[in-house]
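Asks: The primary structure of each chain is shown beneath.
Protein chains: 2
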Amino acid sequence: MMFADRMLSLCQSKNSRLVVGLDPHWDLIPASFKAGFTDGQVANLISGYLNNVIDVTHDHAVAYKPQIAFFEQFGLSGLTALLDVLDHLHHLQCPVIMDAKRNDIGSTAAAYARTFFGDDLLPPAFPSDALTVNGYLGSDGIKPFLKQPERGIFVLVKTSNPSSGELQDQALAAGNTVAEGMADLLEQWNGDQLGEFGYGNVGAVVGATYPEHMRTLRQRMPHSLFLVPGYGAQGGSAEAVRAAFDGNGLGALINSSRGILFPPSFETSGFEAVREAAVEAKTDINRILA
Amino acid sequence: MMFADRMLSLCQSKNSRLVVGLDPHWDLIPASFKAGFTDGQVANLISGYLNNVIDVTHDHAVAYKPQIAFFEQFGLSGLTALLDVLDHLHHLQCPVIMDAKRNDIGSTAAAYARTFFGDDLLPPAFPSDALTVNGYLGSDGIKPFLKQPERGIFVLVKTSNPSSGELQDQALAAGNTVAEGMADLLEQWNGDQLGEFGYGNVGAVVGATYPEHMRTLRQRMPHSLFLVPGYGAQGGSAEAVRAAFDGNGLGALINSSRGILFPPSFETSGFEAVREAAVEAKTDINRILA
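The listed protein sequences correspond, in order, to chains A and B. For what it's worth, the working numbering labels the leading residue of the first sequence as 1, then goes sequentially. For what it's worth, the working numbering labels the leading residue of the second sequence as 1, then goes sequentially.
Excised from the complex, chain A in its bound form (with noise of 0.2 Å):
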């Protein structure tokens, strides 16, 4: 099944819009999980938690993304952690959408391409559904990560960053800004391989911390899935959120990361204090949506 249609078919069925980002970050995972590993074992104390997560996660959401910095901090043993989550997530069939912004030339998006989705030369070594990839470089950066049907990418247009305007908002003399001079790139990769619901495998990474820039792209890039970060502890607006979704309350998918993984009340009710934000998370996404 073509990727765009996989992710849409879930949100319709699991009656959700929420990917939940995995960023371990060190400093937040709870010092009563870390009591049960010894200094060795950074890969284990990782995937353990992580794990954990997603077992009491994986009936709310629609699809995890891995932020994989937080895993290549700590070399192969951070990396070893990530390949037990994907087998993990494998098994429980939850698409993934590996957070790399991986961007190249022609020959090494292919390397890349390779890397996470496999070729007929290798297999994945990092398996994955999807990719987050930065189009600076144009369409010969894009095509090497288009060449399966099931697997996508979402292209950087607005990033929820504080500084994303620097070059983002930067006016191009057509009257539009270089964050919609991308977006009407993507329009173009997308071009009429479209499947059940309109949508393309090529999708738009826009954060909800820009409302006023959300409902412009959206309409600009009516074929694109959107991934919305910056939802939840970053601080993104309902408003932004509500514009991310076309008339069906379907094409966006939005993330929450920190405010799922570190919930505060985990140092009382441990996990279940993971589900329950994740419960918390879904639900607020869909009244939004009502």
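Because the hints were derived from the structure by calculation, they are not lab data. Please note that the accuracy of each hint is not assured.
You can't tell identical chains apart in this list, so a pair holds if it fits in one copy or across any two.
What the hints assert, rightly or not - List time: in silico SDA-like cross-link candidates among lysine to any residue, alpha-carbon distance up to 20 Å:
| # | residue 1 | residue 2 |
| --- | --- | --- |
| 1 | LYS143 | PRO123 |
| 2 | LYS34 | LEU121 |
| 3 | LYS143 | GLY165 |
| 4 | LYS14 | VAL279 |
Based on these hints, arrange chain B on the given structure of chain A.
Replies: Same frame as chain A, now just chain B:
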């Protein structure tokens, strides 16, 4: 010593502006070399090949640029090979410019900085002296990499690939292009943090395949070291290479990857052919500069 100063001192002491790109394209590794390894020895094969390349070229190159995608695609064994290569480079005191084009919001950029440069929380997982970075997210994604004066970054400004103009050449309302807008950000990021040669630690990636942009970008970023891909195998011009340098014949590092790693005469001359390719590239660049 500040990263920019270290690089420019090496350019003078070695009379070379050559960076050797370490892109272990599997298909291009000579069959005669592969014959000495079994199927389970991917890591040994890759690091063995590259360490031989380093041994015969390090008198002629000022730095090495591993392209991490070509290691990541083999998963943990590929990254084990990368660690072996990094270890060899550090032993020979050769600077490492990790070509990973990382980019993310502030807290994640900090995790990437930790991965490649280390910090007070962790030693570097993949120790590097510099990193290529994509600046689409603005200063939040740049500042975390600038905490250690002895480490530098190279931000993508004008890339060497055929489709780089799709976004980078779009005209801004102010009259310049998106790439030039990025160039102006680099000047701000360097600010007054300049070393003895007048260059800062925020360098720029500018491809040799677009000579018409090189001169303008050099004028616009007088304080950025240029890392110039596209020379050699990608067909970059002498004109573009010349315009990358300042009046003292400094300020640019010219990368060659495939042209040095995989010379046609390898099957007859072995690694001696690699040495000759490096000497030839170094001499060719010096001739352009003369």
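Asks: Now look at each hint and say whether the structure bears it out.
Replies: Right, here's what the structure says about each hint:
Taking the closest pair of Cα atoms, LYS143 and PRO123 come within 20 Å of each other only inside a single copy of the chain (19 Å); across copies the shortest separation is 36 Å, beyond that limit. For a Cα distance limit of 20 Å, the shortest separation of LYS34 from LEU121 across copies, 16 Å, qualifies, whereas the shortest one inside one copy, 40 Å, does not. With identical chains, the CA atoms of LYS143 and GLY165 are at most 20 Å apart between copies only, with a shortest distance of 16 Å across copies and 26 Å within one. Taking the closest pair of Cα atoms, LYS14 and VAL279 come within 20 Å of each other only inside a single copy of the chain (12 Å); across copies the shortest separation is 62 Å, beyond that limit.
The structure fails none of the hints (numbered hints given earlier).
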